[in-house]
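Protein sequences appear in the order of chains A and B.
Note that the first sequence covers residues 1234 to 1563 in our numbering.
Note that the second sequence covers residues 60 to 496 in our numbering.
If you're looking for bench data, these hints aren't it; they were derived computationally from the structure.
Errors might be hidden in some of the hints.
Some chain B residues near chain A, calculated using beta-carbon distances under 7 Å [said to hold, decoys possible]:
| id | residue |
| --- | --- |
| 1 | Ile76 |
| 2 | Glu174 |
| 3 | Ala175 |
| 4 | Leu245 |
| 5 | Ala249 |
| 6 | Gly254 |
| 7 | Gly264 |
| 8 | Phe381 |
| 9 | Asp382 |
| 10 | Phe386 |
| 11 | Gly467 |
| 12 | Trp468 |
| 13 | Glu469 |
Glycine residues also receive a C-beta, built at the ideal position from the N, C-alpha and C atoms.
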Amino acid sequence: MSALAHEQTPVDAAPAVTALRRKDLLGIADLTTEEIALILDTAEAMKEVGERPIKKVPALRGKTVVNLFFEPSTRTRTSFEIAEKRLSADTLNIAVASSSVVKGETLADTALNLEAMHPDMIVLRHSSSGACHLLSRICRSAIINAGDGMHEHPTQALLDAFTIREHKKRLAGLKVAIVGDLLHSRVLRSNIHLLNKMGSDVWVCAPPTLVPADIGRFGVRATSHVDEAVADADVIMLLRIQLERMEGAFFPSLREYFHVFGMTEARLGRARPDVVIMHPGPMNRGVEIASEVADGPYSVILEQVANGVAVRMAVLYLLGGGGVDHEEAA
Amino acid sequence: MKKLLKGGRVVDPANGIDGVHDVLIDGDRIAACGRDLPVDGAAVVEIPAGLVVCPGFIDMHVHLREPGQEHKETVATGTASAVAGGFTAVACMPNTTPVNDNANVTAYILTKATEANLARVYPIGAVSRGSRGELLADIAELRQAGCVAITDDGHPVATALLLRRAMEYAGMFGMPVIEHCEDSSLKGDAVAHEGYQAATLGLRGMPGACEALGAERGILLSELTGAHFHVAHMSARASLRAVRKGKEHGVRVTCEVAPHHFTLTDEALASPVPYDTNTKMNPPLREAADRDAMLAGIADGTVDAVATDHAPHHYDEKNVEFDRAPFGIVGLESAVPLSLDRLVHAGLIRLPRLVELLSVNPARILRVAGGTLSPGAPADLTILAPDLTVRVDAAAMRSRSKNTPFGGWELRGGVAATIVGGRTLFVNAAVDGLKGL
């Protein structure tokens, strides 16, 4: 009996696999389709927990989770923290400004020092791609990637998939158009891995200056014509334009970007009538997305935020020993 | 004191020799090389069958890190690594602390080399003061102190004008200008080759064109000035094309390729260890088409030399996030096994061509002694065990640093012994029959 089942929570619609047989969640690239389905199915049960008057289950009671954030983040850190607390974990937030990193300590030493205090899981956000892999090699604790450089942001892709699945009841066969700064986006990379594995038809769209090298090998259709990307799309996902380093360097002006690539109601007309609009946040209104689209009837942007908690609860639960394997061992 | 190496296969391309010969060493010089030389009171060493006697290998691109970065390497540890790797001489890059841009630093390096008394050391001076790319360094003084070439390696020479002037000025002494070819604006803050691997791993990439622009610039200026331009650690197929075209047009351009660039591709960034900082170097590991072009250039003669770009870094410096780690790997003790395995045993070239790449041509490019077993040449010899199975063991390396991506690799072909100036400085314990050397 799992801790969740004690609370009469339906985690019963048992999927093909019942545990993540891995120590860490470093990226979607490593996951099988069965593992992705397991996380999404588990998240459904977790979502129900968040809708109760008492939003807490004892699944991770006695477990220590460290949220180690080397980059500023409000949404992701808050989401993880709420997820951890709803699972009764003991949580600890370390942000770069208050850590010893400013004293010149290396990431490896920071990790070893944390490790000495025996946390069960470390949720890491870092500006360097591969930082989670480095930590994973050093630490016994489970490492959860909360975004590493331009590499992956697996829980974002999982919550995106969860949100799509809620609306479309499936991922396979959907046309998903991803528009925005593809080059610097970890959200893009995780989403491509996940949507490809689940059988979606992925289109990506950006000015050529913001397209990763060899995009053809990613298994997606790439175009610089936003109308082509959006045509008959089931899902449109917009990626943030990083204002501070983009203008004049990757395209002439934000005004021109919005003119050529911005998601407006007029452009939406080409998509399927039941299209959903997604954005991982934070949004630049009037740059990658018009306000009337962000706030309009097709937008599921705030649902993404809500689902983020459920998906992160699922990941924490499955990696933190909530799986069947662990119970059998105990 | 005479020593007669008897009965080994001798490969001496400078004299067109490839066959069973004897080599007579008299003191620190080669006295003779021929068939059935008379013993004439010399100590006789029978060279076991299967071993190959070559003129000493010269690694023309090494970072010895001294002065200033002794935690990574010193002249003593670097030259110990060299002789263990089969190199009788190394040319060391000027990006030390301080930069080797004046005779005092050159003299310091040479003093350390004399104290170490292992491989010969040929310092390479800076093109510009502090390698800052503004003012020419004291090139004549560097030459007089013992520098054999100039470069601002680690970076390209900052401007085309400065490179042109350096070529004109160094050309007066017949010194080659060695260039780390790179367009800095195109490189930006890239840490890997721009391609699928960097794109999926989320690493900022620099394309092959970034290097080729630098190569094209130098080749054009070499044509303009008539000076000898040498492309360091070439990695991109577009650079090779530029060199090939330059040579066809009679430009005085030469180039070198490092073993990691003819062995690995950028796939090593993803596996076996994702984000292994020992796969980070500049120029970066490139895609298969570039690696294959380097192999083709080695086979067709466009590539003049194999040089390691031996770049030791301390464990702590490499045990960080990929984008924060310094560029470079050690190479002296894996270069010969990789070359034998990947070039000779793979059927790409034969041994005489390998000896050209590792001995004859580096000596010719740097205009230093060696590269031959002619009478009167320094008694610098590399004895190969081409069929020896070698397992690369990073921990056992003589270099002070162990930053290699080849740890654990099993390769066919190794070094049997290294002789510098008639003194046997390294004998491989895994090779029998060389006790008397």
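We went through each hint and held it up to the structure:
1. At its closest, the beta carbon of Ile76(B) sits 48 Å from a beta carbon of chain A; the interface hint therefore is violated under the 7 Å criterion.
2. Because the smallest distance between the Cβ of Glu174(B) and any Cβ of chain A comes to about 34 Å, over 7 Å, the interface hint for this residue is violated.
3. Taken as an interface hint, Ala175(B) does not check out: its beta carbon lies about 32 Å from the nearest beta carbon of chain A, beyond 7 Å.
4. Hint status for Leu245(B) relative to chain A: violated, with the closest Cβ pair at about 13 Å, above 7 Å.
5. Taking 7 Å as the C-beta contact cut-off toward chain A, the hint placing Ala249(B) at the interface is violated, the least distance being around 11 Å.
6. Proximity of Gly254(B) to chain A holds as hinted, the smallest CB-CB distance being about 5 Å (cut-off 7 Å).
7. Because the closest C-beta pair between Gly264(B) and chain A is about 6 Å apart, less than 7 Å, the hint holds.
8. Below 7 Å, beta-carbon pairs count as interface contacts, and Phe381(B) has one with chain A at about 5 Å; its hint therefore holds.
9. Interface restraint check: Asp382(B) against chain A, minimum CB-CB distance 5 Å, threshold 7 Å, status holds.
10. Residue-level restraint check for Phe386(B) is violated (minimum Cβ-Cβ distance to chain A is 15 Å; threshold 7 Å).
11. Given hint, Gly467(B) at the interface with chain A, is violated; its Cβ is 16 Å from that chain's nearest Cβ, farther than 7 Å.
12. For Trp468(B), the interface hint is violated, the least distance from its beta-carbon to any beta-carbon of chain A being 20 Å, above 7 Å.
13. About 24 Å separates the beta-carbon of Glu469(B) from the nearest beta-carbon of chain A, more than 7 Å, and the hint is not met.
Comparing the model with each numbered hint stated earlier shows that hints 1, 2, 3, 4, 5, 10, 11, 12, 13 do not hold.
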